Amino acid sequence: MAINSQHIVIIGGGPAGLEAASCLGTAGYRVTVLEKEKQTGGKLLIWDKLFPEFRNSDKVLNHLSNGFKTNPPQILTNAEVVSVIPENGQHRINLRDGQAFQADTVLITTGFKLYNAEKKEEYGYQIYENVITSFDLEKQLKTGNPIRIEAGLTPRRIAFIHCVGSRDIKSGNIYCSRTCCITGVKQAIEIKRRLSDAEVFNFYMDLRMFGQNFEELYIEAQQKWGVTFIRGRVSEIAENKDNSLQLKAEDTLSGRPIKMSFDLVVLLAGMVPEPRTVEIGKSAGLEFTSGNFLAGLDSHISQNETNTPGIFIAGTCREPLSVAETLTDARAATVKMISWLRENETSHKKPLIKRDND
Amino acid sequence: METEGKKRVWEEYQKEIADDHYFYVRSCIRQTFFPGSETTFLKILQNDLKKDVFEDARHTTCTGIGYHTDIVPLETTMTVIARHFALMTEAGYVNIIPSCVTSFGLYTEVLDTWRHFPEIEAKIREYLWKATKREFKVPENLVHTSDIIYKFRNRIKDLSKVSLINKKTGLPLNVVEHIGCHYSKMFPQSGVGGAEFPAVLTGMIEAWGGTVIDYPERRHCCGFGFRQYLVKANRGYSVSNSKKKFESMQPYQPDFMVANCPGCSMFLDRWQYTIAEMEGITYDSNGTGIPVLTYEEMAGLVMGYSPWDIGLQMHQVSVEPLLDKLGIEYKKEDKYLGSNGQNIGEPQKPMFLIV
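In order, the protein sequences belong to chains R and E.
Heads up: the first sequence runs through residues 1 to 358, numbered per the numbering used here.
Heads up: the second sequence runs through residues 359 to 713, numbered per the numbering used here.
Read the hints as simulated data drawn from the structure, not as lab findings.
Quick caveat, the model's predicted, so the values are computed rather than measured.
Glycine included, every Cβ here is placed at the ideal spot set by N, Cα and C.
Be a bit skeptical, because a hint or two may be false.
Stated by the list, open to error - With a cut-off of at most 27 Å between alpha-carbon atoms, the simulated BS3-like pairs for lysine-lysine come out as follows: (1) E:K365 to R:K113; (2) R:K248 to E:K365; (3) R:K241 to E:K373; (4) R:K259 to E:K526; (5) R:K170 to E:K365; (6) E:K543 to R:K170; (7) R:K241 to E:K525; (8) E:K601 to R:K241; (9) R:K259 to R:K248; (10) E:K526 to R:K241.
To be verified - Which stretches of chain E does chain R cover? Using the computed rule of at least three CB atoms under 8 Å from a CB of chain R, they are: (11) 364-375; (12) 544-556; (13) 569-582.
Take these sequences, add in the hints, and give me the full structure.
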C-alpha cells in the first residue's frame with residue numbers, strides 16, 4: 001500500500017523498469033508502469049540463458065515479478081507512450097491511443113533495439129538463409145530443440161561475427177555495444193555443449209571481457225570447448241551452391257587473408273536506441289549522446305538524471321548495458337528519484353490518472 | 359536465397375536518371391575492345407527510343423587509366439574532366455552519360471571532392487580558364503550509360519524481338535552479371551542497387567527473361583584491376599583473379615556473362631582464351647568457353663540486331679553457342695565481313711579454345 005501520494009510513471013516494463021518499480025514500491029511510492037508490448041519483461045522474454053553463469057533468464061524474470069509483494073505498481077500493457085510533456089511542475093505522459101497520465105516524476109526505461117543487420121549488406125542477413133543474428137540463435141536455443149540450419153540439417157561449422165553495427169563508423173555507430181563479445185563467447189559454448197563435434201569460430205576485432213567472470217569464460221571457451229578465436233574483420237559473406245556460406249576475412253594476427261566455408265553464420269548485432277525512445281526524449285526536451293541514446297546530466301555523478309528536472313533514465317535506453325548492469329542502474333536511478341521527490345515535495349493534488357475521455 | 363531481402367537493399371539505392379537529352383562521352387578503350395557496343399547504344403537510344411543524344415568529337419580521355427596508375431596527377435585529371443563539363447555546357451546540355459565505368463567513377467569522385475572542398479573546384483576552374491578560356495556548369499545529372507539502359511529496360515522489352523530464354527528448352531538463360539568496381543564500389547549510392555547486390559544489370563536480365571546467378575565470387579574483381587594488368591609482371595595475378603571467378607561460377611553452368619565495364623568485358627572474355635591455352639581447360643561443357651557480352655550487346659540482341667552488326671565477331675569466346683540457344687539466325691560466312699562487305703580477315707585459331 002502506498003504511503004506517499006506522489007505519483008511516478010515508469011515508461012517501459014523491461015528489466016530496468018520492473019526493478020525500479022519494485023524499489024520505488026517498496027519505498028512507498030505509487031508507481032505506474034507503462035509497457036508497450038502485451039507482456040512485461042522486455043528482451044529477457046526472448047533470451048534463453050544469461051552470461052556468464054548460463055543462468056536461465058526466467059530466474060531473473062521471477063526475481064522481478066517477486067518484487068511487487070508489498071506495494072505493487074499499476075502495470076498497463078499495450079500502452080505505447082508517444083510523448084512526455086513537462087507541465088506545471090509535473091509531467092503529462094501521452095499514449096498513442098489517446099490516453100494521458102500525470103506524474104510527479106518520470107523514469108524512462110525503454111531499452112534498446114537490435115541493430116538492423118541488413119544494413120551490413122556484405123553479410124547478406126535476410127538474403128542468405130543461414131546468416132542469422134544472436135537474437136535469432138537465442139530464440140532457437142530457447143525452444144530447447146536441436147540446432148538446425150534452414151535445410152533442417154545439423155550445422156557442423158559455425159562462425160560468430162563480432163561488432164556487427166558496433167564500433168563501425170560506416171554503419172553510423174561508433175560506440176561499443178559492450179555485451180556482444182561475451183554473448184559470442186556464451187553462445188559459442190552453448191553450441192559446443194549441444195553439438196560437441198561442431199567447429200566454432202569467433203571473428204573479432206578485440207575482445208572486451210569487462211565483467212566479473214567474463215575473462216574466465218573466454219578462457220574456458222578456448223581450453224575446455226575448443227572454440228577458435230580469429231582476430232579479423234569479416235569483409236564479405238556469399239552463398240555457395242549448397243547454401244553453405246563462404247566467408248572472407250583478414251587474420252590480422254598472421255596478416256593473411258582467409259576464406260572459409262560455414263554452415264551457419266551468427267551476427268552479433270549491437271544495440272541501438274529504440275526509435276520511440278528518441279521520439280519521447282525529443283518531446284521531453286532531453287539531450288542525447290552521440291549514439292542517440294538518452295544522455296544523463298553528468299557522465300560520472302548524475303548518469304540517471306536528465307537536463308529536464310523530474311525526468312530520469314535507466315537501463316539500455318541511455319547506453320548499452322548487461323542485464324546485471326541494467327538492474328544496478330535501475331536501482332541507482334530510484335535513489336536519485338526519491339531524493340528529487342523529497343526535495344520537490346509540493347502539494348501535487350492532481351488526479352493520479354487522468355484520461356482524456358474522463 | 360531470400361529475394362525480398364535483396365529488394366529491400368535495392369530500394370535503398372535508387373537514383374535519379376534523366377529521361378532525355380544526354381551529352382554522351384565515349385570510352386577510350388571500348389571502341390577497340392568491343393567496337394559495336396557504343397554504336398549499338400546510340401542506335402537504341404536515338405533510333406528505337408527516340409532520345410536526344412549528343413556527342414562532341416573534341417571530347418578526350420578522362421585520364422582514368424593514367425590516374426589510377428599514378429601517372430596523371432589529380433589536378434590534371436580534374437581539369438580534363440572540367441573541360442568535358444565545359445563542352446557539355448557549351449552544347450547546352452546538363453545530363454552527362456559516360457560510356458566507361460572508370461570515367462563514371464572518376465566523374466563521381468571529382469564532383470564529390472568539389473562538394474566537400476569548394477576551394478578545389480575554384481582552383482580547377484582557374485586552371486581550365488588559364489589553359490582553354492573555357493567555363494562550365496557542373497552536370498545536373500551524371501549517370502552511367504548502363505543506368506540509361508536499365509531505366510528503359512521495360513521499353514526495350516516492349517520493342518524486343520528476342521528473350522533471354524533457351525529456345526529449345528523454354529527455360530530462362532543462366533546469366534552471370536558483373537559490374538565494374540568503379541560503378542558503385544567507391545560510391546555505393548551512385549549505383550542502382552548499391553555495391554553488394556547491384557541491380558543495374560540484374561534489372562535488365564530479369565526484365566528480358568533471364569535468370570541471374572549469384573555465385574560465391576560474384577563480387578570479386580574481374581582481374582583487370584589496372585596495375586594488376588598494366589604492370590606486365592603482375593599479369594599472372596590478373597589471370598588468377600579471373601580464374602577464381604570462372605571456377606566459382608562454373609557449377610552454375612552459366613549460358614553467358616554480361617558486364618558494364620570496358621575492362622571487365624575484355625578480361626572475362628580474353629582470359630578464358632589465355633587459361634585455355636595455359637591449362638587446356640574451359641569453364642563450359644563444350645570447350646567453347648562462356649560467352650561474354652557488354653550490356654549494349656545484350657540489349658542489341660534482345661532488340662533483334664544482327665550479331666555481326668553489333669560487333670560480336672570481335673569476341674575471343676565465340677558467341678555462336680549463345681546465339682543458337684537464343685534462336686537467333688546468323689550466317690557464319692558473314693561473321694568477318696566489314697560494313698563495306700569486304701572480308702576483314704579471320705583471327706588465328708586458338709590451340710585449345712574451340713571457336
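Hint check results:
1. E:K365 to R:K113: Holds, because 23 Å separates the two Cα atoms, which is no more than 27 Å.
2. R:K248 to E:K365: The given pair, whose Cα atoms are some 24 Å apart, holds under the 27 Å limit.
3. R:K241 to E:K373: At roughly 32 Å apart (the allowed maximum being 27 Å), K373 of chain E and K241 of chain R break the hint.
4. R:K259 to E:K526: 39 Å, violated
5. R:K170 to E:K365: At roughly 21 Å apart (the allowed maximum being 27 Å), K365 of chain E and K170 of chain R satisfy the hint.
6. E:K543 to R:K170: Status holds; Cα separation ~14 Å.
7. R:K241 to E:K525: 26 Å, holds
8. E:K601 to R:K241: It holds: about 18 Å lies between the C-alpha atoms, which stays within 27 Å.
9. R:K259 to R:K248: Roughly 5 Å between the alpha carbons, so the hint for K259 of chain R and K248 of chain R holds.
10. E:K526 to R:K241: 25 Å, holds
11. 364-375: Three-residue rule met by the segment 364-375 of chain E, so holds; n is 3.
12. 544-556: It holds, with 4 qualifying residues against the three required.
13. 569-582: It holds, with 6 qualifying residues against the three required.
In the structure shown, a violation is registered for the earlier hints numbered 3 and 4, in ascending order.
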